[in-house]
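Q: Just so you know, the protein sequences line up as chains P and C, in that order. In terms of our numbering, the first sequence is residues 1 to 395. In terms of our numbering, the second sequence is residues 396 to 796.
Any given hint could be a false lead.
[Claimed, not checked] Calculated pairs, DSSO-like style, for lysine-lysine (alpha carbon to alpha carbon, straight line, at most 30 Å): (1) Lys545/C - Lys582/C; (2) Lys227/P - Lys574/C; (3) Lys227/P - Lys175/P; (4) Lys763/C - Lys479/C; (5) Lys785/C - Lys669/C; (6) Lys669/C - Lys200/P; (7) Lys788/C - Lys629/C; (8) Lys659/C - Lys177/P; (9) Lys545/C - Lys191/P; (10) Lys785/C - Lys574/C; (11) Lys227/P - Lys478/C; (12) Lys200/P - Lys698/C; (13) Lys629/C - Lys166/P; (14) Lys763/C - Lys741/C; (15) Lys574/C - Lys629/C; (16) Lys175/P - Lys629/C; (17) Lys574/C - Lys177/P; (18) Lys659/C - Lys227/P; (19) Lys574/C - Lys741/C; (20) Lys500/C - Lys545/C; (21) Lys741/C - Lys788/C; (22) Lys741/C - Lys754/C; (23) Lys177/P - Lys763/C; (24) Lys200/P - Lys754/C; (25) Lys478/C - Lys707/C; (26) Lys669/C - Lys698/C; (27) Lys200/P - Lys574/C; (28) Lys698/C - Lys785/C; (29) Lys191/P - Lys788/C; (30) Lys191/P - Lys574/C; (31) Lys788/C - Lys200/P; (32) Lys754/C - Lys732/C; (33) Lys478/C - Lys669/C; (34) Lys785/C - Lys191/P; (35) Lys659/C - Lys166/P; (36) Lys574/C - Lys175/P; (37) Lys200/P - Lys763/C; (38) Lys200/P - Lys500/C; (39) Lys175/P - Lys659/C.
Since the hints were made in silico from the structure, they are not lab data.
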Amino acid sequence: MDLGTAFAAGLQLDFANLPQQLVNGILLGSIYALIALGYTMVYGVLRLINFAHGEVFMLGAYMALFVSWWLGYSPTATTLGQSSWVNLLMMLVASMVVCAIIGMLIELFAYRPMRSQPRIASLITAIGVSLMLQYAGALFLPNSPPQPIREEINPYRNEVLQIPLKPRDTTFIEKIKVEEAEFNAAEAAVKARMETEGVKSEFDLSPEGRLLRETRNDERNDVTNMKSEYERSGVSLLIPYGQLIMFVTALALMLILRHIVMNTKPGRAMRAVSLDFDSASLMGVNVNRIVTLTFAIGSALAGAGAMMSATFLGLSLTTFFGVQPGVKAFVAAVLGGIGNIPGAVLGGLLMGVAETLVVWSGYGDYKDAIAFVILIAVLLFRPGGLLGSSKVEKV
Amino acid sequence: MKRRSFLYIALGAVFGAGILAGCSGGGSSESGGGTGTTATGDSIKIGLVASLNGDQRPWGVDSERGVRLLVDQINEAGGVNGKKIELLVGDSNSDPQIGKSATEKLISDGAVVVLGEVASGITAQMAIACTEKGIPLVAIGATRDDISDKGPDIFRVCYRDSFQGPVMAKFAFEELGLKRVALMTDKKIPYSTGLSNSFRDYYAMLGGEIVDEQFYEGGASTQFNAQLTNLKGKNPDGVFLSGYFTEVGPIVRQASQVGLTNVKFMGGDGWDSKEIINSGGEAIVGGYFCNHYSDQEDRPEVKAFLDAFVAKYNERPGTTMGALAYDAAAVAVEAIKAVTGDVSSKSVAGALHNLENYKGVSGDITFKGQGGNPPKRALVVELQADGTQKPVKAYAPTDVK
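Model the full structure from these sequences, guided by the hints.
A: Have a look at this one:
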């Protein structure tokens, strides 16, 4: 089989799913974008790639975990009260504040002393900080077994936003009712049989009972199929509330960031520092304060992304929690043009959508490769990234 | 200036250590068939490699507790032929390369036989190290088929994936009546790909339809929406998740959010951990998976083991690996008892090859004529809301194929 036919053989395009997959991609991309902003802002002012950014993300997720424990949602708790959005807000704010402080501390102790040294020294320091937080963090943070944030803290966990694009065929509703009635009858027959045979589990039934059970199973499959056909007779987008909250929060934070950078005095100073570090300081900009502010904002965004990923997606935390999102977001930042704020957002969304579409097309095994294929393709034609300036640097 | 040079030295040390750690995995190309170890003095050393840290810590902790329980019982009863058993423990940190280094350390410290690991990926590396040095290995929970091909003296006390895959396929098709099943496989771990394959083949042979297979990478994927949306489009009756509990939990939690409800979730013994209830949430309750034994069985071996375990540690084992590790240590000691003359790696391996009908906690174990792969029974269990596992059906080795 040559490459072309091999490719076509694996390709399975289900166009009914496409709108949903695009939405999935944007939801995923919004988190990449949120983390990518931190990379790009720091690069913008310092020309430094902050490799410890992924670890700030990881610490933010742990902060959310600790707050959830403090709120009573510890792994051992058995009676859990009804959660509310206030809990989520507390976790979000705590993660953002702690990440901002950690980001500032890293800048103060690791990067500031290296600022007058060649750039490679700062870069290696960044890698060192990253490794230190991963491995030293493992000594203090609960990481084995990996700890997930309990889903009960999310009051919206069972709610899904449905956006109908094409209405469903309502004639199915009657058919489903018929099927369900048949299923209920079959289920009752199995229950009665279990009663007469005196068995506790339906898996211990006699051969005659098993026949009843098989009928019941077939009816159950019919109900499932009918429901699924009903769903597929229309097209609607499903967005779990948790992920909707993630997206809206990410969007809001990005707008706030834009406002800070474009319309406030510190924002103007930040842009000045980014344009020319030395001249800005000669013009009376307090460069150190601006750099600290940049780290604080970038890290707070990562903290927000971390809290939301950990809470709404059910992921278990280890001290390596930030490695993969960090790498992906870094690629997104470079893709969009590192140092360019709208570029990071664009890069993040593009990565999320690209990854999702690869899975959609049936090549899920190459999901992570595609990010780098796109990166190489873009850098070949636009070395500065999509929105970045492709200024040639003298070496 | 002084500060700078210190930093360079520190960095050099960090990277140097990294490079050394990387090398120790792939190095040592001795041409197989080492001479093994002979026990001298008044103790016999056995080694255990377990994931005492990292993702698989729940299994590692139970492995160590199970083995230590048996070793203490043997020593309290006077040891073997007047000699005490000395247990050496190495930590694999849930990582194949570190597991291999830990094995080499145990062998150089004088272990005549090595026990361990639960994950197939780690065990495969340990098997290479043991075969090089001529040491027998008794694996605890490594179910991937090709583990025992790594050398002549590689044993295990668990069943193989070519058994548990078909067991779950049979259970899904005949007992649950599922006609259309989708697979979800962790590309990164050999265990998952092997188990998915054996499930797929047997399920198709029974007449069921595999409607789709989706892939993810353990540790690298965070959002599974894309894969789950694809699965949903294929309209399956059930989903077989062959990965470890660390990813299965979040996947199932997210599945209910994309509207993949009304399907049965199933898996292999990689699900076996209490943590899965916390990460999977409500959606995973009622899922079925294949396990080695259940602590709710009333066989005398199970009762005796649980009583001794609770007496020593004040709680029941969190996973079935406590029982399997106990069995692994027990067959090793049984083999040492059977040796006449010098206790050496060679003689213990020979005795292991002759072991027959040992009544283990997880069922009968026979190595004779089986090449290290005992025919074992399997138990399908249902996850309950409180995290316990309710046994629903047992399969004997002859029930499939």
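Q: Are the hints correct? Go through all of them and say.
A: Each hint tested on the structure:
no. : hint                : verdict
1   : Lys545/C - Lys582/C : holds (22 Å)
2   : Lys227/P - Lys574/C : holds (16 Å)
3   : Lys227/P - Lys175/P : holds (9 Å)
4   : Lys763/C - Lys479/C : holds (27 Å)
5   : Lys785/C - Lys669/C : holds (13 Å)
6   : Lys669/C - Lys200/P : holds (25 Å)
7   : Lys788/C - Lys629/C : holds (29 Å)
8   : Lys659/C - Lys177/P : holds (21 Å)
9   : Lys545/C - Lys191/P : violated (50 Å)
10  : Lys785/C - Lys574/C : holds (24 Å)
11  : Lys227/P - Lys478/C : violated (67 Å)
12  : Lys200/P - Lys698/C : holds (22 Å)
13  : Lys629/C - Lys166/P : holds (19 Å)
14  : Lys763/C - Lys741/C : holds (16 Å)
15  : Lys574/C - Lys629/C : holds (13 Å)
16  : Lys175/P - Lys629/C : holds (21 Å)
17  : Lys574/C - Lys177/P : holds (22 Å)
18  : Lys659/C - Lys227/P : holds (15 Å)
19  : Lys574/C - Lys741/C : violated (50 Å)
20  : Lys500/C - Lys545/C : holds (20 Å)
21  : Lys741/C - Lys788/C : violated (39 Å)
22  : Lys741/C - Lys754/C : holds (24 Å)
23  : Lys177/P - Lys763/C : violated (58 Å)
24  : Lys200/P - Lys754/C : holds (28 Å)
25  : Lys478/C - Lys707/C : holds (23 Å)
26  : Lys669/C - Lys698/C : holds (21 Å)
27  : Lys200/P - Lys574/C : holds (25 Å)
28  : Lys698/C - Lys785/C : holds (17 Å)
29  : Lys191/P - Lys788/C : holds (18 Å)
30  : Lys191/P - Lys574/C : holds (22 Å)
31  : Lys788/C - Lys200/P : holds (12 Å)
32  : Lys754/C - Lys732/C : holds (16 Å)
33  : Lys478/C - Lys669/C : violated (38 Å)
34  : Lys785/C - Lys191/P : holds (19 Å)
35  : Lys659/C - Lys166/P : holds (29 Å)
36  : Lys574/C - Lys175/P : holds (21 Å)
37  : Lys200/P - Lys763/C : violated (38 Å)
38  : Lys200/P - Lys500/C : violated (51 Å)
39  : Lys175/P - Lys659/C : holds (23 Å)
Violated hints for the displayed structure, listed by number in ascending order: 9, 11, 19, 21, 23, 33, 37 and 38.
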